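Undergrad: Each chain is listed here by its residues.
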Amino acid sequence: MSWAAHQFEVYAVEAHLPKKMVGQISWFAIFFGDFTPDFLAKFWVYGFNYHGHHYGASKPYQWHRGWPGMGISHTLFFGALCCLGIWAWKHNRAWTIGFLLGFGAHVITDVNDSIGTMLLFPFSTLNWSLHTWAYAATIKGGKYLDAAAYFSSLGFMMDLFWFFVVLGSWKVLTREFWRTKVVPADPHVWSWLGRWLDERGLLALYRGVFFYGVCRMIAWTTWAHLVARPVINGVRHNGYPWDLSWTGPWWVQHVTLPQVTPWVVLPTALILLAVVYWVANALWERMESGSIRAIAWRNVRRKTT
Amino acid sequence: MSEPSRPAPPSGTPSNPWVPSKHVEFLLYATAAISYVGLSIYNKWLLDWIVGPFWLVAWVWGLPALVRLVRHQPVRPRRNPLEQAE
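Protein chains in written order, with this note's numbering: chain A, 78 to 382; chain B, 40 to 125.
Hint data in this document are derived by calculation from the structure and do not stem from the laboratory. Treat the numbers as computed from the prediction; the structure is a model and nothing was measured. Any given hint might turn out to be false.
Using 27 Å as the maximum straight-line C-alpha spacing, the simulated DSSO-like pairs for lysine-lysine come out as follows [said to hold, decoys possible]:
no., chain 1, residue 1, chain 2, residue 2
1, A, K167, A, K217
2, A, K248, A, K96
3, B, K83, A, K217
4, A, K136, B, K83
5, A, K258, A, K248
6, B, K83, A, K220
7, A, K119, B, K83
8, A, K136, A, K220
9, A, K258, B, K61
10, A, K119, A, K217
11, A, K258, A, K97
12, A, K248, B, K61
13, A, K136, A, K217
14, A, K97, A, K217
Starting from the given sequences, assemble the full structure and let the hints guide the process.
TA: What follows is the structure, encoded as structure tokens:
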């Protein structure tokens, strides 16, 4: 799984929207799209202890990404279903397409760990994984071991990569960008929030996800390498050892699910990313008339009530 | 002809509550990050997707709002004066 990368993706997607969608895609939709897969699946992955009993998935990796399990929450198919639901409910293309892009970014980024995602579900239940770093969520280790493993491996590099992608498009974090591109795409939500917060507060809210990503990356990395004193194979270490090799770190148990050969994963993931953008582009125009009709119909209802 | 610039009203009055300068705002963001990282290293429950963004809002918006509250200035966003006139 990826950690801060999922927070940075939201801004990366916002900064790299197709030209005709700039200033028209809901930032909240991108955020919720990116956030939904883990919101649905992750709580039970770590589970919780109550009166000395652990409640949670017996095989966290199977539950999180496999089938049967909640692996469906990390599939493009499920993202498409969610988008259909949003469209049927609101007829709002800013939210529908925003959700699709955020969801797609999450699913495709997660092919990097050793479990990967079921990219071609429901046509295949095989997982697609690049094995860039080890999937480390276990019942015994819980969130701590998972974080330690991630921030000691190429997962940390993945977070840094997305961090620099956002920094490369730093304008996405500016007040000007927020005013001219983010707020106009979602005027109702921002104006509703504006009943309580002034502009500084709203801007902080917009930047808050990036802030959270940066801080969690620093905090977990600092804890894993400067604070923690783990015992690995009977030896006490001052901090978890770094291991920036492929499928690292060496000190976590490697778990896998039935998978396709890793060689086809990168080209397929890139093709699917292009397909997601192509679909978003193609639907954008077609959804316009539906959106206009929905707004007109809403206005009619407001006048009559 | 250039547009006439609007004179800035005196600061610190109810019509113009205290607004932090750019430097103060930067300081607010920086201290928000330092305090959040510093505390969350030892209190992992803070590293949560709700707490994180809320922390920033509380720090960057909440602290100045607290200052305004102490100075008996309005805290909630003011409506556009033109709207109020209507």
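Undergrad: What are the numbers of the hints the structure violates, in ascending order?
TA: Violated: hints 1 and 14.
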